[in-house]
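Protein chains: 4
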Amino acid sequence: MGCAPSPELLATWNRREAELISTTKLERVVAKPPEPTNVHAGSASEEIKQKVGREGARTVPGRPEHGGNCDIKNLSRGSKTFLPIHVPGAKFSVGDLHFSQGDGEISFCGAIEMAGVITLKLSVMKNGMKDLDMKSPLFLPGPVEPHFGPSRYLTFEGFSVDEKGVQHYLDATVAYRQATLRCIEYLRRYGYSDYQVYLMLSCAPIQGHVGGLVDIPNACMTLGLPMDIFDFDISPLSGTPKKLDMGTCAFASS
Amino acid sequence: MGCAPSPELLATWNRREAELISTTKLERVVAKPPEPTNVHAGSASEEIKQKVGREGARTVPGRPEHGGNCDIKNLSRGSKTFLPIHVPGAKFSVGDLHFSQGDGEISFCGAIEMAGVITLKLSVMKNGMKDLDMKSPLFLPGPVEPHFGPSRYLTFEGFSVDEKGVQHYLDATVAYRQATLRCIEYLRRYGYSDYQVYLMLSCAPIQGHVGGLVDIPNACMTLGLPMDIFDFDISPLSGTPKKLDMGTCAFASS
Amino acid sequence: MGCAPSPELLATWNRREAELISTTKLERVVAKPPEPTNVHAGSASEEIKQKVGREGARTVPGRPEHGGNCDIKNLSRGSKTFLPIHVPGAKFSVGDLHFSQGDGEISFCGAIEMAGVITLKLSVMKNGMKDLDMKSPLFLPGPVEPHFGPSRYLTFEGFSVDEKGVQHYLDATVAYRQATLRCIEYLRRYGYSDYQVYLMLSCAPIQGHVGGLVDIPNACMTLGLPMDIFDFDISPLSGTPKKLDMGTCAFASS
Amino acid sequence: MGCAPSPELLATWNRREAELISTTKLERVVAKPPEPTNVHAGSASEEIKQKVGREGARTVPGRPEHGGNCDIKNLSRGSKTFLPIHVPGAKFSVGDLHFSQGDGEISFCGAIEMAGVITLKLSVMKNGMKDLDMKSPLFLPGPVEPHFGPSRYLTFEGFSVDEKGVQHYLDATVAYRQATLRCIEYLRRYGYSDYQVYLMLSCAPIQGHVGGLVDIPNACMTLGLPMDIFDFDISPLSGTPKKLDMGTCAFASS
Chain A
1 MGCAPSPELL ATWNRREAEL ISTTKLERVV AKPPEPTNVH AGSASEEIKQ
51 KVGREGARTV PGRPEHGGNC DIKNLSRGSK TFLPIHVPGA KFSVGDLHFS
101 QGDGEISFCG AIEMAGVITL KLSVMKNGMK DLDMKSPLFL PGPVEPHFGP
151 SRYLTFEGFS VDEKGVQHYL DATVAYRQAT LRCIEYLRRY GYSDYQVYLM
201 LSCAPIQGHV GGLVDIPNAC MTLGLPMDIF DFDISPLSGT PKKLDMGTCA
251 FASS
Chain B
1 MGCAPSPELL ATWNRREAEL ISTTKLERVV AKPPEPTNVH AGSASEEIKQ
51 KVGREGARTV PGRPEHGGNC DIKNLSRGSK TFLPIHVPGA KFSVGDLHFS
101 QGDGEISFCG AIEMAGVITL KLSVMKNGMK DLDMKSPLFL PGPVEPHFGP
151 SRYLTFEGFS VDEKGVQHYL DATVAYRQAT LRCIEYLRRY GYSDYQVYLM
201 LSCAPIQGHV GGLVDIPNAC MTLGLPMDIF DFDISPLSGT PKKLDMGTCA
251 FASS
Chain C
1 MGCAPSPELL ATWNRREAEL ISTTKLERVV AKPPEPTNVH AGSASEEIKQ
51 KVGREGARTV PGRPEHGGNC DIKNLSRGSK TFLPIHVPGA KFSVGDLHFS
101 QGDGEISFCG AIEMAGVITL KLSVMKNGMK DLDMKSPLFL PGPVEPHFGP
151 SRYLTFEGFS VDEKGVQHYL DATVAYRQAT LRCIEYLRRY GYSDYQVYLM
201 LSCAPIQGHV GGLVDIPNAC MTLGLPMDIF DFDISPLSGT PKKLDMGTCA
251 FASS
Chain D
1 MGCAPSPELL ATWNRREAEL ISTTKLERVV AKPPEPTNVH AGSASEEIKQ
51 KVGREGARTV PGRPEHGGNC DIKNLSRGSK TFLPIHVPGA KFSVGDLHFS
101 QGDGEISFCG AIEMAGVITL KLSVMKNGMK DLDMKSPLFL PGPVEPHFGP
151 SRYLTFEGFS VDEKGVQHYL DATVAYRQAT LRCIEYLRRY GYSDYQVYLM
201 LSCAPIQGHV GGLVDIPNAC MTLGLPMDIF DFDISPLSGT PKKLDMGTCA
251 FASS
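Residue numbers (the UniProt record's numbering), protein chains in the order written: chain A, 1 to 254; chain B, 1 to 254; chain C, 1 to 254; chain D, 1 to 254.
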């Protein structure tokens, strides 16, 4: 959900993401630059279409200046969103509805995609970006959400020490990854495959919380798994789990 | 809150944190190694005291293997915590009670410290670490917490693009820092100093959530500020704020 | 929602409600006995149809032995209901979906009726009525509901003293009626007609709570009105209300 | 919690409660009129003391015009209460703190009484009773409460048919009593005595809700019992309960 960028903003995005691509030493895809092949540009002229292919922002990822593909769990019924406007007419767009998702979209494509209709009411706050000192979207989430009670979240903790035992400096990303791995190990005992848990965490209303970010060198994050989404009791107090046959609803590739 | 490390675990901590200190290029203190001066070791012998000074873990930070100084907001009345045990007798300790704190302990020392008495019930789960496949603590938070309703959290969003416009790769720490800066800018309009907001965010029951972690290159984090802790209406819908005299309850040093 | 009564249970209902009708001194309709005219009995024989007209239970009201038209606000998505079974095959039926309703169905027909599809999973607990010592339905509400936070309910209080100043003895019905009247008076100041408030309270997610039932002679009930369903601030702290033109979306008859 | 009545208001209370006493046909104490013996009147003159004995309101019950002994579960930390004022100086008083209580104060003296200190901030709303059209107190409950999630309340339902099978007309008091009896029957299966359950329901954070009040002739009320206050699983899904020895922590008198 977001408003279209101005040409200047689009140029900023392309510059800073290109810099990341050119300077990273990670052996993986670190950003999605404009893609000249298979351009979807409706009935635009060939010239425009080529320009879109060379410069157009792709929908992955969300970006601070407009929101975009932000995948925030509770942006649901009754939410209010305050979006910066960069071009005349705003050019608001929205897409990619999820039936259910957890905090973090852990397996990337794991949230349950759905068809749907969104009812939106749009209004303009004149001078709003300046009045709200606004550099990124603001939200007032809606009042309707699944609500399990704080004591029904089995909560895993991760720190910025990775699975090889390497100490990172206040790294919340490593910490949340570790909390996720703790959860996978826990659920493996019931017969779930790692991949099944990845998908479950992407789709279930898990809560990813910031524990402590500043206790050098260990940032701490927690992942809360609602115990009431299971048909059996996963509480640590319920005794040694029996391995169940969880079927093969999802296959792990290599 | 945690149980004492074994000598092997203590050695692991000292090794991995020393490696971070020796390899970091950041010009700041990145970890707190053992500190031979001003050792607090009770009535221990001089030999033990020197050993504590050379090898003993300091209470900052929390660590995955035992929990420790984990500063999780909702570990309050009625919580259950499952802790790994590393030495005979467990040597459980607890400390550093907070009257109130937010997710992330944003200003490091900002949570409101308090004197207090904790009533704990301890029991041992024989073979528990293996049965729970446990490499870090597990929590079941308690049912009592301040509860404002999802729609009363004014929610700021941060992405892994820092304040200089540099793009980072899926960096949740940068993203949460950016969400915090958005909140500071917002509250500055009411007359709060930056430092006052830092302290407020450390002490108020803010919610730091994981938005999306995997939309390359932009990890996304949100910070939810409960609007009902203010004496005046801070909703974006309440019109242009008047700057108030917020006094000098906290001074910013250079 | 309920299972069909046995002939014996149906006879019990008809007997006890007929007794109420014959003994009441209230000058109003106090119960809905079987209605021989305009019988809906599908393709049943004339004989059966006449029997239905003479003995059949009407869907108003709910009854303890089977649930029926119970209009409980939170029996929504994800609920589990445990129903007594009185005849072979159970003959479960369900109907009358509400888009939104408040506790108490204050104006009788005020909840917002809707078309809809319910997905149900039915299973039988053998010997369940005896095992659960069950004389009326049990519920486990679902986790999804509008959730405004306890401090956002403006709460009106009623006691068992009626509007003529007559003292009743521990009468919760009078008390809840009084709480409702207090709410109507409060909202009248904003320009709502009494009838508009009646409808609003029937449709909005208000919370009707039992305060104290046993402080002779004054039972106490409370009605919590979520302030966040209004477009303007109805808090007692927001100053003298301006009367608004609330239109004529509902007319009061004499 | 309340402000003192004016002489006129006190006379109203005494008149209407005396009328109830004189007209009731119930063979029980139905109200607590002024009590001339054992008057507590501090250092007042003998004349005043006798007047208090003849006319003074006793603290049972709460009354609509001032609140008084209202025993509302969530009037706790952070609440705001708006009270009518009847005499110069208001003469506010407060007392009878409860450590924990359920909706309805089911066993009358069952809430857990406690010593305590209340911190109050008082301010005067000039013309407030008229501005708020106020005939009884208003409340904004506080944000801190035990919170178990809607799906963790085992919910019993009662209708206005009493235990002798007599049909009452829209009687919420009978309905809530029936819901309570259903809960007692349910918990009896675990070995609790009826009296133990009465005390438990008075002290535990149960939720008494208004189901439907207007489906003639059956008012409906629900009682929600939080399952997470038990050390064992009381869910209907957890199988036939074992009778436990619940001890004799409370004795039932005849």
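If you are wondering where the hints come from, they were derived from the structure by calculation, not from laboratory data.
There could be a bad hint or two in this list.
Heads up, the list lumps identical chains together, so a pair's fine if it works in one copy or across two of them.
[To be verified] Cut-off 27 Å, straight-line C-alpha distance, at most; resulting in silico cross-link-like pairs (DSSO-like, lysine-lysine): (1) Lys-126 with Lys-243; (2) Lys-164 with Lys-25; (3) Lys-91 with Lys-80; (4) Lys-91 with Lys-121; (5) Lys-51 with Lys-32; (6) Lys-25 with Lys-80; (7) Lys-25 with Lys-135; (8) Lys-91 with Lys-51; (9) Lys-130 with Lys-243; (10) Lys-91 with Lys-25; (11) Lys-243 with Lys-51; (12) Lys-25 with Lys-243; (13) Lys-121 with Lys-242; (14) Lys-80 with Lys-130; (15) Lys-91 with Lys-242; (16) Lys-242 with Lys-126; (17) Lys-242 with Lys-25; (18) Lys-243 with Lys-32; (19) Lys-91 with Lys-135; (20) Lys-32 with Lys-242; (21) Lys-164 with Lys-130; (22) Lys-91 with Lys-126.
The structure displayed is predicted, hence computed values, not measured ones.
Among all the numbered hints in the text so far, which are the ones the structure does not match? Checked against the structure, the hints that fail are numbers 6, 7, 10, 11, 12, 15, 17, 18, 20, while the rest are satisfied.
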